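Participant: Quick mapping for you: the protein sequence lines, in order, are chains B and H. Under this note's numbering, the first residue of the first sequence is numbered 19, with each subsequent residue one higher. Under this note's numbering, the first residue of the second sequence is numbered 9, with each subsequent residue one higher.
These are calculated hints, taken from the structure and not from any lab test. Remember, it's a predicted structure, so these values are computed and weren't measured experimentally.
Simulated restraints on C-beta separations:
| no. | chain 1 | residue 1 | chain 2 | residue 2 | range |
| --- | --- | --- | --- | --- | --- |
| 1 | H | L14 | B | E206 | 29 to 39 Å |
| 2 | H | S18 | B | H157 | 18 to 28 Å |
| 3 | H | E321 | B | E25 | 39 to 49 Å |
| 4 | H | A400 | B | N26 | 41 to 51 Å |
| 5 | B | H157 | H | A400 | 31 to 41 Å |
| 6 | B | T152 | H | S18 | 18 to 28 Å |
| 7 | H | V407 | B | R117 | 14 to 24 Å |
Note that the Cβ used here is the ideal one computed from N, Cα and C, for glycine as well.
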Amino acid sequence: MALVEFENLSKIYRMGEETVRALDGVELRIEPGDFAAILGPSGSGKSTLMHILGFMDSPTSGQLRFEGREVSGIGRARRAWYRANRIGFVFQAFNLLPRLSVADNVQLPIVYSRSRIADRRKRALVALDRVGMTHRAKHVPSQLSGGERQRAAIARAIVNNPSLILADEPTGNLDSQNVVRIMDLFTELAREGQTLVVVTHDEQVAAYARRTIRMRDGRVIEDTVNGV
Amino acid sequence: MINGILTFYSGLLNGLVEVWAHKFRSLLSMMGIILGVAALVAMVGVVRGMIGEVRDYFERTGGITRLQVESREPPDEQSHIAHLSPGMTFRDVEAIQAGGTLIDLIDPEVSLGWRRYTYAGQSEHAPLQGVMPDRRERLQLQMREGRYIGDLDVEWASPVIVLGGWLGDLFFPNGGAVGQKIHVHGQTFRVIGVLENLGGPESRGWFQRQNRICYIPITAAMKRFSGDDRLSNLSVRVAEVAFLDDALAQMENILIQTHRGIEDFAVSTMEEQLEEFRRMERTFTFALGGVAGISLLVGGIGIMNVMLAVINERIREIGVRKAVGARGSDIFIQFLAEAVVISVVGGLIGMMASVGFVVFIREVIDVEQFRIALSPPAMVAGFLFSAVIGIASGIYPAVRAARMNVIDALRYE
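Make the full structure from the sequences, and use the hints.
Facilitator: Structure, rendered in structure tokens:
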């Protein structure tokens, strides 16, 4: 069973008189264990695709199945539940809360997941250990370097053992040395079986993924497995 | 539900962190609440003190069953014969004793002003009044030593004196006053008793004035000091409140005879005073409530304003929290809790400020006049008010935060 299935999925925005087809009949399957890169110029619909994949937005038409369940019409609270329990987000701007310590930032998804977990702190430390950031647990984000911040953000993304990690231009704010470290970290997570989708316009970053999905004008125009 | 409480609790902690992180801004936004609560608690203290004073006076002087006879100008058509009336004299007392069947207590007074008292080379000034035995019951005076003025003292116009507690303390700190001779304005009086201080040793206001007064038989006052039988004051007590109106008519009937038909007196009930007192209480309550209400309202608007600004500053944070799974209700509770923290901390500071206020007012206003007290119920009310204001003013900003779209919030720069 595919983890995510898009079937003839469209997203239409109304901007005054104009209607914009951000997604136009997309057909796509993400399998468990996939490490996919979504590439495309701005306006190609890759951000909209990611928002829908990440339960931040719902499609206008078409079918969307997540873990075999139809989810295209679910409400806001249900989408929040999926974001907390099934999705891990990594952003270009890291988006750590400045007033919270690294450990507290990592715990946020557990706080909102509503599962009764007593050992929040322990789980946060396990996640920090996987990204090699245990020694920074008590620091606040402003005390960290860019690469460290992104690693902390990745720890936050994996802390609830999500079905899918979505990364939106995760290396956009990093120097080349840290790009390598972060992408190596993603590769390692993928090797451990984590499903990952990285949205980027950087071919070098996309080269780390096992699968490349190219988009243009709201459609998938190419879907290839790397190295084949 | 449990989750909501937990979110609210962590929201409170979070709110404290935010308040602490922006100390000056938080203080400014709390100012309205601080002043509102401080004004509320301090004003309740002041008004309580003033009203308590009036209430004490009212109750200690006989309450609603008291009738007071006052001299007044006769009506115009009688002004040419006004001199025929003897005025308010001791004959009024005798007439009421004879015919006032609805009256159970007569308390006339010849007020002799402040006089000089001398004992064993020591001199003090204190008010002197000539009274009858009923004075003791009307004011519920307690004897510390000896006895009060009796019927025979009045009949014989005996040169005896009952000292007020204040003078008793000065002349006879170790007791033993009874039987001693003291001089009052050059005349010798034998001490027959010393009164207990009313309102305790630290008495203020009406009690303090009362504790200075010394009493001699009314007849002695007339013979030895005033030289005629005019009264300064005349109060009576009605046996039953139910007969108040009848007693009033009876009094007027008796007095119109002793005054030879001339209406140069008025019998008034305490109902008017009571009504006046209640009106004062109402006025103060409304004025107080208005002032406190307006400042708390302004405080609430201040908090709402700050919360709206805070939310604008933290749109990105709202987006991040929602992206990692926060529901609208989580965000709502978080910001509501923060508003509550601001107002409750403001309320607590306001309560502390009110203590300072009250101490300050005590210093500035003559302590003799008012007993200003911090009232715990007013403090609790002020605190609860501040919490309610926090919730009320936090709702709208919190709803706005909760409704924010996650994608737009994340994109916000």
